[in-house]
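Just so you know, the protein sequences line up as chains A and B, in that order. All residue numbers in the first sequence are consecutive under this note's numbering, ending with 557. All residue numbers in the second sequence are consecutive under this note's numbering, ending with 596.
A portion of the hints provided could be inaccurate.
Within a straight-line C-alpha distance of at most 30 Å, the following computed DSBU-like cross-link-like pairs (lysine-lysine) qualify [stated by the list, open to error]: (1) Lys35(A) <-> Lys246(B); (2) Lys297(B) <-> Lys316(B); (3) Lys215(A) <-> Lys237(A); (4) Lys100(A) <-> Lys72(A); (5) Lys316(B) <-> Lys35(A); (6) Lys237(A) <-> Lys72(A).
Pulled a few chain A residues facing chain B out of the computed Cβ check, cut under 7 Å [stated by the list, open to error]: (7) Ile101; (8) Ile351; (9) Lys490; (10) Lys518; (11) Val520.
None of these hints come from the bench; they were simulated from the model. Since we're looking at a predicted model, the values are computed, not measured. Beta carbons: idealized from backbone N, C-alpha and C, even for Gly.
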Amino acid sequence: MSGALLEVKNLSVAFRQSGKEMLAVDGVSFEIKKGETVALVGESGSGKSVTALSVMKLLPYPTASHPSGSVHFKGQELLQLPENKIRAVRGNDITIIFQEPMTSLNPLHTIEKQIGEILLLHGGMTGEPAKKRILELLSQVGIPNPEERLGSYPHQLSGGQRQRVMIAMALANEPDLLIADEPTTALDVTVQAQILKLLKELQTRLDMAMLFITHDLGIVRKIADRVCVMQRGKIVEQGDVERVFTKPEHPYTKALLAAEPKPDPAPLQPQAPVVIETDDLKVWFPIKRGVMRKTVGHIKAVDGVSISVRQGETLGIVGESGSGKTTLGLAILRLISSNGPIVFMGKTVQGLKFKEMRPFRRDMQIVFQDPYGALSPRMSISDVIEEGLWVHHPNLSEEEREQRVIRALNEVGLDPETRFRYPHEFSGGQRQRIAVARAVVLEPKFVVLDEPTSALDMLIQAQIVDLLRDLQKRKNLTYLFISHDLRVVAALASRLLVMRNGKVVEEGPAGDLFKNPKSDYTRALFAAAFNLDTAPGGVVNQ
Amino acid sequence: MDDRVAREVPELTSQTPTGMAVPPERRKMKLSPINRRRWQNFKANKRGYWSLWLFTALFVLSLFAEFIANDRPFMIKYDGGFYFPAIVTYAETKFGGEFETAADYRDPYLQKKIAEKGGSIYWPPIKYSYDTHNLDLPTPAPSKPTWLLTEEQCKSVVERKKLSGCRDLEYNWLGTDDQGRDVAARLIYGFRISVLFGLILTIISSTIGVAAGAVQGYFGGLTDLLFQRFIEIWTSIPSLYLLLIISSVLVPGFFVLLGILLLFSWVSLVGLVRAEFLRGRNFEYIQAARALGVANSTIMFRHLLPNAMVATLTFLPFILSSSVMTLTALDFLGFGLPPGSPSLGELLSQGKANIQAPWLGLAGFFSIAFMLSLLIFIGEAVRDAFDARKTFS
Numbered sequence: 016m017s018g019a020l021l022e023v024k025n026l027s028v029a030f031r032q033s034g035k036e037m038l039a040v041d042g043v044s045f046e047i048k049k050g051e052t053v054a055l056v057g058e059s060g061s062g063k064s065v066t067a068l069s070v071m072k073l074l075p076y077p078t079a080s081h082p083s084g085s086v087h088f089k090g091q092e093l094l095q096l097p098e099n100k101i102r103a104v105r106g107n108d109i110t111i112i113f114q115e116p117m118t119s120l121n122p123l124h125t126i127e128k129q130i131g132e133i134l135l136l137h138g139g140m141t142g143e144p145a146k147k148r149i150l151e152l153l154s155q156v157g158i159p160n161p162e163e164r165l166g167s168y169p170h171q172l173s174g175g176q177r178q179r180v181m182i183a184m185a186l187a188n189e190p191d192l193l194i195a196d197e198p199t200t201a202l203d204v205t206v207q208a209q210i211l212k213l214l215k216e217l218q219t220r221l222d223m224a225m226l227f228i229t230h231d232l233g234i235v236r237k238i239a240d241r242v243c244v245m246q247r248g249k250i251v252e253q254g255d256v257e258r259v260f261t262k263p264e265h266p267y268t269k270a271l272l273a274a275e276p277k278p279d280p281a282p283l284q285p286q287a288p289v290v291i292e293t294d295d296l297k298v299w300f301p302i303k304r305g306v307m308r309k310t311v312g313h314i315k316a317v318d319g320v321s322i323s324v325r326q327g328e329t330l331g332i333v334g335e336s337g338s339g340k341t342t343l344g345l346a347i348l349r350l351i352s353s354n355g356p357i358v359f360m361g362k363t364v365q366g367l368k369f370k371e372m373r374p375f376r377r378d379m380q381i382v383f384q385d386p387y388g389a390l391s392p393r394m395s396i397s398d399v400i401e402e403g404l405w406v407h408h409p410n411l412s413e414e415e416r417e418q419r420v421i422r423a424l425n426e427v428g429l430d431p432e433t434r435f436r437y438p439h440e441f442s443g444g445q446r447q448r449i450a451v452a453r454a455v456v457l458e459p460k461f462v463v464l465d466e467p468t469s470a471l472d473m474l475i476q477a478q479i480v481d482l483l484r485d486l487q488k489r490k491n492l493t494y495l496f497i498s499h500d501l502r503v504v505a506a507l508a509s510r511l512l513v514m515r516n517g518k519v520v521e522e523g524p525a526g527d528l529f530k531n532p533k534s535d536y537t538r539a540l541f542a543a544a545f546n547l548d549t550a551p552g553g554v555v556n557q
Numbered sequence: 204m205d206d207r208v209a210r211e212v213p214e215l216t217s218q219t220p221t222g223m224a225v226p227p228e229r230r231k232m233k234l235s236p237i238n239r240r241r242w243q244n245f246k247a248n249k250r251g252y253w254s255l256w257l258f259t260a261l262f263v264l265s266l267f268a269e270f271i272a273n274d275r276p277f278m279i280k281y282d283g284g285f286y287f288p289a290i291v292t293y294a295e296t297k298f299g300g301e302f303e304t305a306a307d308y309r310d311p312y313l314q315k316k317i318a319e320k321g322g323s324i325y326w327p328p329i330k331y332s333y334d335t336h337n338l339d340l341p342t343p344a345p346s347k348p349t350w351l352l353t354e355e356q357c358k359s360v361v362e363r364k365k366l367s368g369c370r371d372l373e374y375n376w377l378g379t380d381d382q383g384r385d386v387a388a389r390l391i392y393g394f395r396i397s398v399l400f401g402l403i404l405t406i407i408s409s410t411i412g413v414a415a416g417a418v419q420g421y422f423g424g425l426t427d428l429l430f431q432r433f434i435e436i437w438t439s440i441p442s443l444y445l446l447l448i449i450s451s452v453l454v455p456g457f458f459v460l461l462g463i464l465l466l467f468s469w470v471s472l473v474g475l476v477r478a479e480f481l482r483g484r485n486f487e488y489i490q491a492a493r494a495l496g497v498a499n500s501t502i503m504f505r506h507l508l509p510n511a512m513v514a515t516l517t518f519l520p521f522i523l524s525s526s527v528m529t530l531t532a533l534d535f536l537g538f539g540l541p542p543g544s545p546s547l548g549e550l551l552s553q554g555k556a557n558i559q560a561p562w563l564g565l566a567g568f569f570s571i572a573f574m575l576s577l578l579i580f581i582g583e584a585v586r587d588a589f590d591a592r593k594t595f596s
């Protein structure tokens, strides 16, 4: 078709690794018309980012190569273009915004300098006109008081504001095509909703095309006109968003759409004994100033939180980043020091020494967020799972220990034959299962789940949620489930606690709370998470 | 962009439980995949790989220096019996001599005695040890390598020993030093003592350094603060001058020198290991181990030390070469090993004192340069092998 702004035909990308060529993208074709938004969705490793980067020729050549394909943009063949010509296209006609706004901005340059550099490079603009243009851009992307912000450094801005600056930089030369590579993944849900709204508004106003890369189908539905579903380097289905969402054809698309975690939370157990209880728990980090390091104030990471979880229940703790939810989990397990009583199974554990704490550790376990960081890369998974047994059951015979490891692996749905492999041989979801196996091999009563699904793809998230629920039912486990992802929390939590800035905003049975949130903040949080709606000003952080 | 995108994760495990039917099998002792990859990377660096083999071969050879360069034969067949003078000290009377003292096998009198009984002597390739004085020097010491001598210069010895010419002399391949000792023999022994000294110093100082760094990094806080200040003060002591003072008070032997150098060399790795531990103690798998109730010492050994070992191993060859350098420098200045010991530094200082005998300085320079180059090449290859981002195709 001739009306297309960008036309990608039969594009393949190969990476060379230790002598072997590996195909990351395999014969992908799609096109974007002027003013249109096309979304690329798929799991991590499906090749969506690589596709987008090869449009701008930003891959690490010559490790990467294109065995086949063409990329037509405004009558130019980008893949054949020499480096000095493609530089004129980058940042001018096609611009990109990345996932992580902190690392995309130079921490040593002010906002004015960062945006000014783009204006200088591509338009030769300096001095007063440049400053005027920068202010215009900043107000366009909705940064309040842009004059005051000109001299700010990236670390002085919030995550959402940093992403807005990134967008301002991308828009500086009024590009025809904006590539957004998971621009909201690193942001809180409320901020995510704001950024999406901003992108949509800017797109209509500037009449530019957008290639939106994401793994989140909710975002696709909200923002895109057409969608390409990628799996293992291939586009398995593409079409209008309405059509794909209502009548998916490819089985993978169907699976993705059905991957929503099923809401089936553990029931409330008002008669069951209380497993863990805190009263006015505080974690304050002192701020020390001056020569004498006098404590001048405190960062109140957790400020007076009281919880009480009964056996078999799941307490969901939700809140944005920086709300203190992870700190609360670590404090309850006594992995960081805190103030205020912590009672576990009727016994006070606050103030116990490391060795006195050890008998309790068998009954309280934790699963972390990052499946890549939570397993020591130098230990086979059998060693990883065994470690707790060495501490708590030092007298087990080798065979018994092995049997328990095998049983734990079976319980989390992994083939026990794989137990001598090393973590890097497993996928993210499998690693998370290993982390769960490490926790359950000790037969604990209480498990803190610290965002166990956040780093995983949608399909895997649903599987892990099912696994956790299944384990809870079988072993009558008590969970403290920490997450910013309300859909996952809704699927598991029997009670809900909303935190903000270290304090409890609202608490109650999950069913009631989801239906009738009382505070404005909770309402805004739910709206952003479930409908990607923005809240009226002042309720949430900008 | 994250490099996981390009790497395909193979579907290794089925998601369905397969029951308890799996027989417990013991794992084999083998390199973990990550180490295998490092070994491949190391081998891919040809220069470093060959340097390692060459260095190992030279070092192993020099460990058997007694069988390469010695003034005692390694075996004597005499009167139907076998004797091993290189290992056992025999009295002269054993071979028909007159004195109860240790036999001097280079003495023509004793050689004649053995020959009379139909015995045969098996000499090592070089018939001098590091402290053997060549008594048949044709020219005043330091004397040229034998193959550079003119017939004119040889004449006196040739006539005295009733030989036919220069070719029949016992060869000093690299000449002799100013006391008439064979330079080649001294090089072999000197290489051994340098490398041994360097290795021992490196191993002990790394062990202390790693332990100190580990404690600082893991516990942090006040421990770290006090330790760091101590190290800052300690390293600000001008160590070379202190070494000179101490070695003029104590009799400088091998182990005294080792101890003195150790006082200052252990700090070199502390900062590195401390940083690794500081970084590592907040990893999630360390947190997870803590949540399991694993003891601090176990966490440090099992989980954190391997992380720090990468940095440590990368530095080891460089520390080794600097240890060798320090010993050589001390020897050169005359504050090192006791007089008479074979040492490369001493050879260099002789070379400086006897400019008219260039074979001394050249032999010393080339052997030290060669040894240090090998170590640096190995070090580079090790560094590349541990670099996770570097790929060799």
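Here is what the structure says about each hint:
no. : hint                    : result
1   : Lys35(A) <-> Lys246(B)  : holds, 18 Å
2   : Lys297(B) <-> Lys316(B) : holds, 11 Å
3   : Lys215(A) <-> Lys237(A) : holds, 9 Å
4   : Lys100(A) <-> Lys72(A)  : holds, 11 Å
5   : Lys316(B) <-> Lys35(A)  : violated, 72 Å
6   : Lys237(A) <-> Lys72(A)  : holds, 29 Å
7   : Ile101                  : violated, 18 Å
8   : Ile351                  : violated, 10 Å
9   : Lys490                  : violated, 15 Å
10  : Lys518                  : violated, 25 Å
11  : Val520                  : violated, 27 Å
Of the numbered hints given earlier, the model fails hints 5, 7, 8, 9, 10, 11; all others are met.
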